Amino acid sequence: MQTLISQIEALLDGSLHTLVDNHAQTYANVLVEHFEPTTPIRSGRGLWCEYFIRYRQLP
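Residue 1 is where the sequence shown starts when you use the numbering used here, and the numbers rise one by one after that.
No lab work stands behind these hints: they were computed from the structure.
Since this is a predicted model, take the numbers as computed values, not measurements.
Label pairs and their in silico Cβ distance ranges: (1) Leu19 to Arg45: 28 to 34 Å; (2) Pro59 to Thr39: 35 to 41 Å; (3) Gly46 to Asn22: 16 to 22 Å; (4) Ser15 to Phe52: 16 to 22 Å; (5) Leu11 to Leu47: 18 to 24 Å; (6) Gly14 to Gly44: 33 to 39 Å; (7) Glu50 to Gln25: 22 to 28 Å; (8) Thr3 to Pro59: 31 to 37 Å.
The beta carbon of each residue, even a glycine, is placed where N, CA and C say it ideally should be.
Could you put together the complete structure from these sequences and hints?
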């Protein structure tokens with residue numbers, strides 16, 4: 001889980017990225033502005049983590 005959180009935090013680099021949603025729709029020129037995860041919680045055999053993320057699609 002910490003690796004995934006670190007990978008998302010790495011996107012806060014001021015560069016534009018491509019966002020792909022859960023339906024495989026892509027969005028170009030996305031700037032990740034803020035990412036705030038909560039503490040990961042173990043649930044059964046897995047982990048989950050709530051988070052707030054703010055991103056903006058630029059022209």
